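We have chain X already, so just place chain V with the ligands on it with the hints.
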Amino acid sequence: MIEPLLDIHGLRAGYRRSVVLQRVDLAVQEGQVVALLGRNGVGKTTLVHAIMGLVQPSAGSIRFGGQELSGRTPDQISRGGIALVPQGRRIFSRLSVEENLRLAHRSRDGRHDLDSVYELLPRLYERRRHRGRQLSGGEQQMLAIGRALLANARLVLFDEPSEGLAPKAVDQIAGLIAGLREHGLSALLVEQNLHVALSLADAVTVMTKGEIVYRATADVFRADPETARAFLGVG
Amino acid sequence: MTTPAVGAALPGFLNENLVSILNGLAVGMLLFTMAVGLSLIFGLMDVLNLAHGAIFLLGGYVAYQVIVKEGQSWLVGVAVAVAFGAVAGLALGGILRPIRHRGHLDQALLTFGLAFVLADLATIFWGSDFQSIPSPVFLQRSVEVLGQFYPAYRLAVMGVGFALAVVVYLVVERTQVGAVLRAAVEDRAMVSALGINVGRVMLAVLALGTALAAFGGVIGAPILSLSPGVDAEVLILALIVIVIGGLGSIPGAFVGAIVIGQVQSLGIALVPQAAPFALFGAMVIVLAVRPEGLFGSR
Ligand SMILES: Nc1ncnc2c1ncn2[C@@H]1O[C@H](COP(=O)(O)OP(=O)(O)OP(=O)(O)O)[C@@H](O)[C@H]1O
Ligand SMILES: [Mg+2]
Chain X
2 MIEPLLDIHG
12 LRAGYRRSVV
22 LQRVDLAVQE
32 GQVVALLGRN
42 GVGKTTLVHA
52 IMGLVQPSAG
62 SIRFGGQELS
72 GRTPDQISRG
82 GIALVPQGRR
92 IFSRLSVEEN
102 LRLAHRSRDG
112 RHDLDSVYEL
122 LPRLYERRRH
132 RGRQLSGGEQ
142 QMLAIGRALL
152 ANARLVLFDE
162 PSEGLAPKAV
172 DQIAGLIAGL
182 REHGLSALLV
192 EQNLHVALSL
202 ADAVTVMTKG
212 EIVYRATADV
222 FRADPETARA
232 FLGVG
Chain V
3 MTTPAVGAAL
13 PGFLNENLVS
23 ILNGLAVGML
33 LFTMAVGLSL
43 IFGLMDVLNL
53 AHGAIFLLGG
63 YVAYQVIVKE
73 GQSWLVGVAV
83 AVAFGAVAGL
93 ALGGILRPIR
103 HRGHLDQALL
113 TFGLAFVLAD
123 LATIFWGSDF
133 QSIPSPVFLQ
143 RSVEVLGQFY
153 PAYRLAVMGV
163 GFALAVVVYL
173 VVERTQVGAV
183 LRAAVEDRAM
193 VSALGINVGR
203 VMLAVLALGT
213 ALAAFGGVIG
223 APILSLSPGV
233 DAEVLILALI
243 VIVIGGLGSI
253 PGAFVGAIVI
263 GQVQSLGIAL
273 VPQAAPFALF
283 GAMVIVLAVR
293 PEGLFGSR
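Protein chains in written order, with this note's numbering: chain X, 2 to 236; chain V, 3 to 300.
If we strip away everything but chain X, and leave its shape as in the complex, we get (with noise of 0.2 angstroms):
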């Protein structure tokens, strides 16, 4: 079998403190959506800030196209071809739609320029003189999308992209990642809303207190709602 894109193994991080994760094991292949589910504050955040150089690792390893990851810094991971739609959006509330993208575009040559992303997403470009804080919240998120459309990344790290978003919101959010994936989209997606992560991932992992607990491929998990409600709390 050929290496996985991304491929984490022992993961062990945390902060000053605490630490989070303590042995995370994970692996994404080329082409591949995986949901990574967990409760609050199990460290899923934790763990895609490790991915993306944002926490340092103490321990295990980070491959990512056969590369190893762990010592390198966020910048390095990002041009690499890692890119991250972090909770909370994180835009740039004082800086245009237009500079938010621009800041992001770093490579010419990639399937993603500023206005392929604006043909994808108009609003984007309906608001491109607006500063980031005018945006709505759905509009804020397809904006983190856009910006880490143009890394033109091999693999983006979604976490909890509806978080906080109304249902329209939500589904259109959904609508564009699955749209994403129709091309061959690889990628981490830490999510909450169940229905979403279902109708977007091929894989499903399970997180509790720092460790994946669960992994399954979506058709298995879907069929299998004791494990979703006795990992996740849900019904």
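In case anyone wonders, no lab produced these hints; they're calculated from the structure.
Treat the hints loosely; a few may be bogus.
Unchecked claim - For the chain V half of the interface with chain X, some residues (derived, Cβ under 10 angstroms), not all of them:
{"id": "1", "residue": "A181"}
{"id": "2", "residue": "V182"}
{"id": "3", "residue": "M192"}
{"id": "4", "residue": "I198"}
{"id": "5", "residue": "G201"}
{"id": "6", "residue": "S299"}
On a predicted model such as this, the values are computed, not experimentally measured, just so you know.
The C-beta atom is built at its ideal place from N, Cα and C for all residues, glycine as well.
Showing chain V with the ligands alone in chain X's frame:
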């Protein structure tokens, strides 16, 4: 707004205080060259660079050495001093790097210590007498302003300071480099996650800020005279400027500099007995009305 009585009184007031007002503007523009860097560095790096005043003073001394001692032209003096300022900023970045995750206090203490070292070095090299740089020959004359004569050099300082403010503002607000800077002020980690080497951006801003301070020291030298103590004096004034204007804001630094320039000059001319506390009074009034400063957003 103005009643007819005040309107009629204004020309008389202007007439009597024109020189104070103009002096205040010149001092304000000098303070701006200091404050803008201090403010940008703080906004981006969360570091209050207490060595900024020492770099201002040293910039002046370096230019003094080049222009007065070595007999070089003003242009050469400015270039060498600005280069010195930039290098000092890069060195400061290197020194701050190992403690970048420590708190404000550690960083402030380090720059504070550095300020002492630099000021002592200046005294060793240039002594403790007042030193001055004569203004460029073509500016050694007076110009008529609203019927009164005023040194051309000081008008030039105002013009340069104003031009500098416009350029810095346009670069920060209208260019891609400026967008990176504004984004990094807001969310450094996210900027790095977009593939931008934020460390390099911070070094560039540090170098730019300290180069501006050194430049301020040069153009200030013919007005202020260089001597030990000037470093602390301008540092405190610049700190008050950015507190009044709002930390991290360029328009704030500009307006704050003009306000403090006027308090220093016009205020003290009008109410001499208020001199000891006019500065802090101005600061207290602004902070009581707008705790985040005139242009602050935090
Ligand atoms: N910067 C930080 N410093 C210290 N502890 C942190 C930090 N960020 C998160 N934590 C702690 O680490 C643990 C895991 O947090 P994390 O954000 O990774 O969880 P999460 O699964 O993403 O939660 P959520 O679903 O709420 O987003 C929590 O106990 C949290 O309080
Ligand atoms: Mg999270």
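Outcome of the hint check:
A distance limit of 10 angstroms between C-beta atoms decides the matter here; for V:A181 the minimum to chain X is near 4 angstroms, and the interface restraint holds. The restraint placing V:V182 at the interface with chain X holds, with a minimum CB-CB distance near 6 angstroms, inside the 10 angstroms limit. Among the interface hints, the one on V:M192 holds; its C-beta lies about 5 angstroms from the nearest C-beta in chain X, closer than the 10 angstroms criterion. Satisfaction of the interface hint for V:I198 is found here, the shortest Cβ-Cβ separation to chain X being roughly 6 angstroms, below the 10 angstroms cut-off.
Because the closest C-beta pair between V:G201 and chain X is about 8 angstroms apart, less than 10 angstroms, the hint holds. Residue-level restraint check for V:S299 holds (minimum Cβ-Cβ distance to chain X is 8 angstroms; threshold 10 angstroms).
Comparing the model with each numbered hint stated earlier shows that all of them hold.
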